[in-house]
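Residue numbers (full-length UniProt numbering), protein chains in the order written: chain A, 1 to 418; chain B, 1 to 418.
Please note that the accuracy of each hint is not assured.
Identical copies carry no separate label here, and so any pair may be met within one copy or between two of them.
Here are the simulated EDC-like cross-link-like pairs (lysine to aspartate or glutamate), alpha carbons at most 20 Å apart as the crow flies [to be verified]:
| hint | residue 1 | residue 2 |
| --- | --- | --- |
| 1 | 212 | 272 |
| 2 | 212 | 196 |
| 3 | 115 | 375 |
| 4 | 212 | 313 |
| 5 | 18 | 49 |
| 6 | 219 | 196 |
| 7 | 211 | 72 |
| 8 | 211 | 68 |
| 9 | 23 | 328 |
| 10 | 18 | 336 |
| 11 | 18 | 285 |
| 12 | 18 | 244 |
| 13 | 23 | 332 |
| 14 | 219 | 239 |
| 15 | 211 | 52 |
| 16 | 211 | 196 |
| 17 | 219 | 191 |
| 18 | 115 | 100 |
| 19 | 18 | 332 |
| 20 | 212 | 52 |
| 21 | 115 | 103 |
What the hints contain is simulated information worked out from the structure, not anything from laboratory work.
2 protein chains.
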Amino acid sequence: MAATLPSTSVLDLALAAKAAARKLATVPSATKDAALHAIADALEARIPEILEANARDLEAGRENGLSDALMDRLALTDARVRSIAAGARAIAALPDPVGEVVDGGRLANGLEVRKVRVPLGVVAVVYEARPNVTIDAAALALKSGNAVLLRGSSSAAHSNAVLARIAAEAASELPAGSIGLVGGDREALTELAQLEGIVDLIIPRGGEGLKKAISAVAKVPVIYAAAGNCHVYVDASADLAAAERIIVNAKVQRPGTCNSAETLLVHSDVADRFLPGAIAALRAEGVELRGDERVRTVDPSVNAAVESDWGEEFLALILAVKVVDSVEEAIDHVNEYGSGHSEAIVTNDRSAARAFQLGIDSACIYVNASTRFTDGGEFGMGAEIGNSTQKLHARGPIGLRELCSTRYLVEGDGQVRA
Amino acid sequence: MAATLPSTSVLDLALAAKAAARKLATVPSATKDAALHAIADALEARIPEILEANARDLEAGRENGLSDALMDRLALTDARVRSIAAGARAIAALPDPVGEVVDGGRLANGLEVRKVRVPLGVVAVVYEARPNVTIDAAALALKSGNAVLLRGSSSAAHSNAVLARIAAEAASELPAGSIGLVGGDREALTELAQLEGIVDLIIPRGGEGLKKAISAVAKVPVIYAAAGNCHVYVDASADLAAAERIIVNAKVQRPGTCNSAETLLVHSDVADRFLPGAIAALRAEGVELRGDERVRTVDPSVNAAVESDWGEEFLALILAVKVVDSVEEAIDHVNEYGSGHSEAIVTNDRSAARAFQLGIDSACIYVNASTRFTDGGEFGMGAEIGNSTQKLHARGPIGLRELCSTRYLVEGDGQVRA
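Bound conformation, chain A alone (with noise of 0.2 Å):
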């Protein structure tokens, strides 16, 4: 059985992760990729025990006063097991990352150099209610060579711990180790972010709550699966149609994420024209606008905005709206309360569009396209563990060429330096 669970202490399930990954690290792909399947076809003949596990997760969840979006996330159902199980599968199909040469070439005394992904190693993750994240991310740190440690939040506690028993179980023949759940309370969350040189990468997936605990105490690299506070600019020149189209798409499709829309820009020019319907579509998704002077002279009954709304990431169905008076005006106000995810440009003009991608330093940038977009899955990358808005390793989603790093290997029939 590939897992240790969650009575062994952190440091021996680390050991464990650090002896296990020495050993994935050149596992075949077919191996990792029947392991992934058999993950999948043990969850879908287990369904009874995963939703009896989630149940009682569920009671003590009602017990303890959780809200219904809580709940939602927490709840498991025939339907979403067996989604889990298929996003497993989808994983198994992606490509192995590992051993991918990246660059090389023959140096000019014949030394052939060769930079090849290799794993990073030992992948912690720690995430909150959804207790689908505890497959999703053993199953794309595994293929990529990794072994994981995971730690759900105590209130996924039954369905994180049977998910991740029939996960090792499945696995079996992958390493010992490979899989390993961190319980505890809030001191083994800091060994586990304070085990420099066993654990290579911790991935926190939550709110800022989380992020600040993690920030305080980590010692082992930390890659943020990140907020966004994302914005649609409307130049002079754009179809606006298609503006409003991307507005509304970017955010009410799914309030809740990442790379929604938070604030609405809109050049002075085309302010008149474009607002008034804007704000009807938005209003008609039950959209709340707060708006600055220029808006609510469009339109006086648009809340009026704070300075804390511009910086603000909502997660809901909220936007704050400002009238800028030229593409600049809206790079500089991106640069200033963004947090560096997504933002998006709608304009015909080819200058505008040039000078807002190159001006606004955050992961991605769109042209005519909805900020929703960002998104391993959008992006062809398949699965992701999250996005990053960091500038180093990784930028974007996190898929599994990101949980990867890099290594040179070199051949030669006996150079030395001179």
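Since chain A is already given, all that's left is putting chain B on it; use the hints.
Using the frame of chain A, we list chain B on its own:
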């Protein structure tokens, strides 16, 4: 003039650098290259001024009893300044990493996605005695579109100040604030390492003391220009003459560098035939040997190694030597004691070579070549700012590309997510 000089506070310097970085990100290659040539020309034109400042540092160094080695690293000469200028011109001649498309394609919905290289923003480099790093680091940062904050050691304060001033004056076509020289005490360094959201990366280039000082306080991302405990393993099937050339080169060609060998591992099948000649050749170059019992059985005049010798980066003419019974034992030794920098196997056995390259978790793994080749220049990347042994973002030589991030640019014609 492109610099703000040390009288300014760390925060003000960093904010000026941040503002400069926004502009530098879109400065054309030709402008950056012209600035590097102007810096090189100005350095050569102002050699007397540079040597005068350097003489003051040397005088203070003599008064403070600096070692001969440190005095040599501190000293500038006409030839050394010309070599620094030549280095800046060589960096100008490298391809611009900014704007390079590293991945891309058209999605099923018609969106065109490009993943392009962009500057990190503000890069801080913290370095010890050698004043040439002032120009090397500035040139690498500017070429890759980054503003640079330079923090040298107090022992080279006059030299660094005049070099930074000359560079900043010569680079007058670049945005003000592009080159900042950070002065002050240890607290100023702490402040620099904590400017989250302003400084995008800090690179300490120096010994273990500097590394510990930075890692204890840093809140901004750090890449260490790392130490190296490198190994050469002579396999049973090795060409023993090549093996002797390689270990002598890896140990003695420049023993103070991070890619020099510190431990020699020898397969027991060839220990009797290989060691006597290798020991003689190494001793002829002044190398002190510290062997395990089996080495001392072959040559009792070799000093006995102690446990700490296996983990030590000697950076001197000292070599630990051990006899092993298999490539697996060599791999385990390297993974246990190594620092993940550079390792070499000398062998004619394909499966031993493959096992060594797959099984060792280091940045660079050589077959039949010296570890001394781990170097940006040798790898055809041009100049480097050091070598990284960490797994995230940059592993191996830190050159122009490693001073960059990426950004996704996505172009559509009104796409929204279904």
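Each hint, compared with the structure:
In this assembly of identical chains, the alpha carbons of residue 212 and residue 272 never lie at most 20 Å apart, being 42 Å within a copy and 59 Å across copies at closest. For a Cα distance limit of 20 Å, the shortest separation of residue 212 from residue 196 qualifies both inside one copy, at 19 Å, and across copies, at 14 Å. Taking the shortest alpha-carbon separations for residue 115 and residue 375, only the inter-copy value of 14 Å comes in at or below 20 Å, while the best intra-copy value is 27 Å. Taking identical chains as interchangeable, the C-alpha atoms of residue 212 and residue 313 lie at most 20 Å apart only when both belong to the same chain, with a minimum of 16 Å there against 37 Å between chains.
When the C-alpha separation of residue 18 and residue 49 is checked against a cutoff of 20 Å, the pair qualifies neither within a copy, at 30 Å, nor between copies, at 55 Å. For the homomeric pair residue 219 and residue 196, the shortest alpha-carbon distances inside one copy (6 Å) and between copies (16 Å) are both at most 20 Å. Taking CA atoms no more than 20 Å apart as the test, residue 211 paired with residue 72 passes in neither setting, with 23 Å inside one copy and 47 Å between copies. Taking the shortest Cα distances, residue 211 and residue 68 never come within 20 Å of each other, neither inside one copy (23 Å) nor across copies (49 Å).
Taking the shortest Cα distances, residue 23 and residue 328 sit within 20 Å of each other only across copies (13 Å), while inside one copy they are farther apart (52 Å). Taking the shortest alpha-carbon separations for residue 18 and residue 336, only the inter-copy value of 12 Å comes in at or below 20 Å, while the best intra-copy value is 41 Å. For a Cα distance limit of 20 Å, the shortest separation of residue 18 from residue 285 qualifies neither inside one copy, at 49 Å, nor across copies, at 40 Å. Within a single copy, residue 18 and residue 244 get their C-alpha atoms no closer than 51 Å, and across copies no closer than 34 Å, so neither meets the 20 Å cut-off.
Only between protomers do residue 23 and residue 332 lie at most 20 Å apart by alpha-carbon distance; the minimum there is 12 Å, versus 49 Å within a single protomer. Proximity of residue 219 and residue 239 under a CA criterion of 20 Å is satisfied in neither setting, with 49 Å inside one chain copy and 44 Å between copies. In this assembly of identical chains, the alpha carbons of residue 211 and residue 52 never lie at most 20 Å apart, being 31 Å within a copy and 51 Å across copies at closest. Proximity of residue 211 and residue 196 under a CA criterion of 20 Å is satisfied in both settings, with 19 Å inside one chain copy and 15 Å between copies.
Taking the shortest alpha-carbon separations for residue 219 and residue 191, both the intra-copy value of 10 Å and the inter-copy value of 19 Å come in at or below 20 Å. Taking identical chains as interchangeable, the C-alpha atoms of residue 115 and residue 100 lie at most 20 Å apart whether they share a chain (8 Å) or sit on different chains (18 Å). For the homomeric pair residue 18 and residue 332, the shortest alpha-carbon distance between copies (13 Å) is at most 20 Å, but the shortest distance inside one copy (45 Å) is not. Within a single copy, residue 212 and residue 52 get their C-alpha atoms no closer than 33 Å, and across copies no closer than 50 Å, so neither meets the 20 Å cut-off.
Taking identical chains as interchangeable, the C-alpha atoms of residue 115 and residue 103 lie at most 20 Å apart whether they share a chain (5 Å) or sit on different chains (16 Å).
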